[in-house]
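Listed below are the residues making up each chain.
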Amino acid sequence: MQEFTFAPAVMPPAAEALRTEVRDFLADARARGLFTPRRHSWSSFDPAFSAECGQRGFIGMTWPKEFGGGGRSALERYVMTEEMLAGGAPVGAHWVADRQSGHQILHHGSERAKALILPQICAGTCFFGIGMSEPDSGSDLAAARTRAVRVDGGWSITGRKVWTSNAHRAHYLIVLARTEQRSDANRHAGLSQFIVPLDAEGIEVRPIYNLYGGHDFNEVVFDGVFAPDDMMIGQEGSGWTMVTGELSFERSGPDRFLSTVQLLLEVIDASGPEPDRAAAIDIGRKVAELAALRRMSTSIAGMLDRDLRPITEAALVKDLGTAFEQSIPEVARRLLAIEPRINREDGDLAALLGHTVVAAPAFTIRGGTREILRGMIARGLGLR
Amino acid sequence: MSHDIRDMMLRTVDRLVAVEATRQMRSDADGGGFPDRLWQAMDAAGLTDADTIDDEMTDAADMQALVRHTARHALPVPLAEVMAARRLLKAAGMAMPADGITGIGTTARDHADGLPRLDDAGRATGMLHRVPFGRHLTRVVFAATSGDGTAHLVVAEAPAPAATDINLAGEARDDLAFDAAPVIEARPLVDAADQVMAMGAAFRAVQIAGALAGALGQVVAYAGEREQFGRPIGKFQAVQHMLAVLAAETAAASAAADLGFDDAGRTDTCRAALAKSRAGQAATDGAALAHQIMGAMGFTREHSLHYQTRRLWSWRDEFGSDALWQARLGTLVVRAGGDALWPMLSRL
Ligand SMILES: Cc1cc2nc3c(=O)[nH]c(=O)nc-3n(C[C@H](O)[C@H](O)[C@H](O)COP(=O)(O)OP(=O)(O)OC[C@H]3O[C@@H](n4cnc5c(N)ncnc54)[C@H](O)[C@@H]3O)c2cc1C
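Residue numbers (UniProt numbering), protein chains in the order written: chain A, 1 to 384; chain B, 1 to 348.
No lab work stands behind these hints: they were computed from the structure.
Treat the hints with care, since some could be wrong.
Cross-link-like lysine to aspartate or glutamate pairs, in silico, EDC-like; alpha carbons within 20 angstroms at most [to be verified]:
| # | chain 1 | residue 1 | chain 2 | residue 2 |
| --- | --- | --- | --- | --- |
| 1 | A | K65 | A | E52 |
| 2 | B | K235 | A | E3 |
| 3 | B | K235 | A | D140 |
| 4 | B | K90 | B | D263 |
| 5 | B | K235 | A | E371 |
| 6 | B | K90 | B | D59 |
| 7 | B | K90 | B | D49 |
| 8 | A | K65 | A | E111 |
| 9 | B | K90 | B | E185 |
Covered by chain B, per the in silico footprint, the following chain A stretches (three or more residues, Cβ under 8 angstroms) [stated by the list, open to error]:
| # | stretch |
| --- | --- |
| 10 | 3-17 |
| 11 | 271-277 |
| 12 | 281-293 |
| 13 | 316-323 |
One side only, chain B facing chain A, incomplete, derived with CB under 8 angstroms [as the list claims (entries may be wrong)]:
| # | residue |
| --- | --- |
| 14 | P97 |
| 15 | A247 |
| 16 | L259 |
| 17 | A273 |
| 18 | G337 |
Ideal Cβ placement from N, Cα and C applies to all residues, glycine included.
Chain A on its own, in the form it takes in the complex (with noise of 0.2 angstroms):
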């Protein structure tokens, strides 16, 4: 059997004068009225934000520079995302483009995607959505229906996805989909990955409206969209072992845990100066869980920093870190004695716990599901 280690990660020397400019750009942010903190999540989308974090090369850090990178390590690129998130800044327009997509582009795209997006996304102007989930491949992903089928010079694509995050801003999607048939030998063999741009012919953008009415998913259908050959990423059939090999940047990162501290902040200051012992405890406990996680998360940054592939920890951490902020809520909710609103436009505590109470479902399903985590982590441990 397998116990997972989780070896301190040694930061680079860069990392703490990076963590002062992050503050000090958020601080000027602030100043400069740029975004509010403890109003946002890190998901609220933000396209002039963005472009600044481009203009200061707080994207695509760890990239090349000849595409507009900042030739950085991991370890550094996450000290930056941390004290985003902790800072409160809207970073969700780039997240997925920074987070995952760009990474992708600059292993497995070809030589023309690479100089045609990767300066754009540094740039902060270029955007990117997720099109792996279908109506019926949540969880089991490799029952993928969206089919590329060869066309003269490229592939034409068909099908029909869900759930996809920001496809009604997003400048691309990248699309998982099947290149050949699902056979019962080996069922994630036959997916590739392609890169759309969203404005293609073909494409059309539907809301799928959220829970409280809000609008940051979609149903993309593709009608015989064309990507030629150099818009593939990876081998024809290598999509499967891409898109599991992206889920451990996608899982382990401090957006895995840090939604709902802005929430947090608040209880902490509502509580104060002094707390009853009651409120000190939730406060202490919620704390304590979160220095472990970021330790586990910065972890895992420096096994991703050594080109290891932490897929299990990654699993486990999400795991841990979802069920942590999924329960600031209901840690709020005990501490504060207010009700929840979900006025969006009003930014006072009552509709920041109401926005989290209703968001709050989503963060152990997005990214791969609670139970679907736990069987990863039990195949870690030798068990399937």
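Fit chain B with the ligand to the supplied structure of chain A, relying on the hints for placement.
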């Protein structure tokens, strides 16, 4: 840190466990006894004072790994206490006595009873409660206050116990009373009491992480062997998910325990609180899951799981329960304010 030396130490523990950690040894020690042969073997192998190897080859994290590993095997030995004593004395610029066993002691919960007093002649009067391995100690390190209220760190000969008892794991937890007893050395040290508590708590967090890893190992193996409904229970998804949560809690306890000490092996109230709060929580959930997975077999004297789980149930409350440390941490965090939280965490 050298992984070679760390691995060598851990393998030495495994070797000693194979030879010395017999059923007989465990049952003899279970009830306040002391495994003399095991401790002597650990001594001979250089494990009881491995932290005095003063060279470039080992560091504090190696020592925590060693303590964690003995806890993984649920060895009924005071290694954590000895290391805690040595670190406390060293930080205060005091000498660790060379021979015998030097442990640490505190007054009852959060010093509610008041610390032992030091008189002008440097003699101690007062009571240490439930001192780990108390009756087996040669000397004990604790906090005391002098007549003018100055806190001191003290090392003194351990008196014969005023009362003997055991914890849930059958390890000696004895009250030690001093009645104008001469001390070996005493040094003024602000927060001496907090430092002893924090050091004890931080080591308990390390031990909890180890015992959880030991329980996880046994439970995973059992889930692969025990068959019901024609297949190993580990094939049932409900059982797999319990195991996954146990593994996650084990990992979280480890991560928290790592936070308990800085690179030099020092701790403070904040670090100890983070470590003990999270590890204590993991001990509770982890022990419950381990037992649920193992069914009635895990509830027997016969099976070895209880060596780890009874320790988890004791250790989570020793040197302050998780609730006590959570309350301290929460108070500290609230007083500093929300804006100070992230800078505090990111410095660790
Ligand atoms: C806010 C939000 C944003 C999203 N954004 C995107 C996006 O941008 N792009 C994208 O591609 N997808 C996105 N998703 C989709 C997300 O990845 C899927 O919801 C997720 O993978 C689960 O699939 P499903 O919803 O079809 O649930 P199902 O797979 O139908 O699962 C339903 C329930 O059954 C359980 N279950 C399923 N299979 C098993 C099993 N084998 N064992 C045990 N339990 C099982 C699940 O854990 C869950 O509890 C988003 C989802 C949300 C909520």
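Status of each hint after checking the structure:
1. Between the alpha carbons of A:K65 and A:E52 the distance comes to roughly 18 angstroms, so the proposed pair stays at or under 20 angstroms and holds.
2. Restraint check for B:K235 and A:E3: the C-alpha separation of about 19 angstroms stays at or below 20 angstroms, so the hint holds.
3. Distance hint between B:K235 and A:D140 is fulfilled; the C-alpha atoms sit about 19 angstroms from each other, no more than 20 angstroms.
4. Among the hinted pairs, B:K90 with B:D263 is consistent with the structure: their alpha-carbon atoms are about 15 angstroms apart, no more than 20 angstroms.
5. Between the alpha carbons of B:K235 and A:E371 the distance comes to roughly 15 angstroms, so the proposed pair stays at or under 20 angstroms and holds.
6. Between B:K90 and B:D59 the alpha-carbon distance is near 15 angstroms, which keeps this suggested pair within the 20 angstroms criterion.
7. Taken as a hint, the B:K90 and B:D49 pair is honoured in the structure, with Cα atoms around 13 angstroms apart against an allowance of 20 angstroms.
8. For the hint linking A:K65 to A:E111, the alpha-carbon distance of about 15 angstroms falls within 20 angstroms, and the restraint holds.
9. Restraint check for B:K90 and B:E185: satisfied, since their Cα atoms lie roughly 13 angstroms apart, inside the 20 angstroms limit.
10. For the stretch 3-17 of chain A, the proposed coverage by chain B is satisfied: 5 residues have a C-beta within less than 8 angstroms of a C-beta in that chain, meeting the threshold of three.
11. Check on the stretch 271-277 of chain A: 6 of its residues sit with their Cβ under 8 angstroms from a Cβ of chain B, so the three-residue criterion for coverage holds.
12. For the stretch 281-293 of chain A, the stated coverage by chain B is satisfied: 12 residues place a CB nearer than 8 angstroms to a CB of that chain, which reaches the threshold of 3.
13. Residues of the stretch 316-323 of chain A with a Cβ under 8 angstroms from some Cβ of chain B number 3, which satisfies the need for three, so the listed coverage holds.
14. Taking 8 angstroms as the C-beta cut-off, the interface hint given for B:P97 is violated, the closest approach to chain A being about 33 angstroms.
15. With a cut of 8 angstroms, the hint placing B:A247 at the interface with chain A holds, because the nearest CB-to-CB distance is about 6 angstroms.
16. Interface hint at B:L259: satisfied, since its Cβ lies 6 angstroms from the closest Cβ of chain A, which is below the 8 angstroms cut-off.
17. Interface hint status for B:A273: upheld, as the beta-carbon distance to the closest one in chain A is roughly 7 angstroms, under 8 angstroms.
18. Interface hint at B:G337: satisfied, since its Cβ lies 6 angstroms from the closest Cβ of chain A, which is below the 8 angstroms cut-off.
When the structure is compared with the earlier hints, a violation turns up for hint 14 alone.
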